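Asks: UniProt numbering applies: residue 1 is where the sequence shown begins, and numbers increase by one.
Among these hints, one or two may not hold up.
As the list claims (entries may be wrong) - Below, simulated DSS-like cross-link-like pairs (lysine-lysine); rule was C-alpha separation at most 25 Å, straight line: (1) K59 <-> K77; (2) K89 <-> K59; (3) K89 <-> K43; (4) K89 <-> K77; (5) K77 <-> K43; (6) K22 <-> K59; (7) K48 <-> K89; (8) K22 <-> K48; (9) K77 <-> K22; (10) K77 <-> K48.
Claimed, not checked - Label pairs and their computed distance ranges (CB to CB): (11) V57 <-> K77: 32 to 40 Å; (12) K77 <-> P56: 27 to 35 Å; (13) D19 <-> C42: 25 to 33 Å; (14) T107 <-> E35: 19 to 27 Å; (15) T58 <-> N82: 31 to 39 Å.
Just so you know, the hints here were simulated from the structure itself, not pulled from any lab data. In this text the structure is predicted, and so the values were computed from the model without any measurement. In this text, a Cβ means the ideal position worked out from N, Cα and C, and glycines have one as well.
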Amino acid sequence: MDTEGSQSSLSSVDNSPHDPCKMFIGGLSWQTTQEGLNEYFCKFGEVKECMVMRDPVTKRSRGFGFVTYIDQAGVDKVLAQNRHELDSKTVMALWRLALWWWRAEETRRGWRRRWKGRERQRGPGL
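With these hints in hand, go ahead and build the complete structure from the sequences.
Replies: Below is the structure:
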């Protein structure tokens, strides 16, 4: 199991969006530790790696982390459960591939919205 993460941005750890056993865990309590995250998610399968992302300067939790399972069965069990509560907070568990797709889709949609907004602002006949 690795030590707690200290990367400053999601993109710095987003090198392999296609790792099928890695999950993004969002909405973590500021008090959630790596040990607490591991303790909760090991109920679903054998955890290979677990990290709570922290600010490199303040070392405070950034409110999200990652859990990597040994095999796909752990991921499937997490996804089969609709609600996950950890440290009195409901957290969101996304399969990394799903997160990568969602981010790409939101970027594409955001571009379309901005483009359409510009067309409307020009007025008729321009």
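Asks: All the hints need checking, so say for each whether the structure fits it.
Replies: Each hint, compared with the structure:
1. Between K59 and K77, the direct Cα distance comes to roughly 31 Å. Violation of the 25 Å bound is thereby established for this hinted pair.
2. A C-alpha spacing of about 21 Å is found between K89 and K59, which places the hinted pair at or below 25 Å, so the restraint holds.
3. With a C-alpha separation of about 18 Å, the suggested pair K89 and K43 falls inside the 25 Å cut-off, and the hint holds.
4. Straight-line distance between C-alpha atoms of K89 and K77 comes to about 20 Å, which keeps the hinted pair within the 25 Å bound.
5. For the suggested pair K77 and K43, the alpha carbons sit about 9 Å apart, so the restraint of at most 25 Å is met.
6. With a CA separation close to 23 Å, the supplied pair K22 and K59 stays within the 25 Å bound.
7. Between the alpha carbons of K48 and K89 the distance comes to roughly 24 Å, so the proposed pair stays at or under 25 Å and holds.
8. Between K22 and K48 the CA atoms are separated by roughly 9 Å; this keeps the pair inside 25 Å, and the hint holds.
9. A C-alpha spacing of about 13 Å is found between K77 and K22, which places the hinted pair at or below 25 Å, so the restraint holds.
10. At roughly 15 Å between alpha-carbon atoms, K77 and K48 fall within 25 Å of each other, so this suggested pair holds.
11. Between V57 and K77, the C-beta spacing of about 36 Å keeps the proposed range 32 to 40 Å intact.
12. At roughly 33 Å, the beta carbons of K77 and P56 sit within the given window of 27 to 35 Å.
13. Between D19 and C42 the CB atoms are about 18 Å apart, so this pair departs from the stated range of 25 to 33 Å.
14. For the pair T107 and E35, the beta carbons lie near 34 Å from each other, so the given range of 19 to 27 Å is not met.
15. At about 33 Å, the CB distance of T58 to N82 agrees with the hint of 31 to 39 Å.
Taken one by one, the earlier hints fail for this structure at numbers 1, 13 and 14, listed in ascending order.
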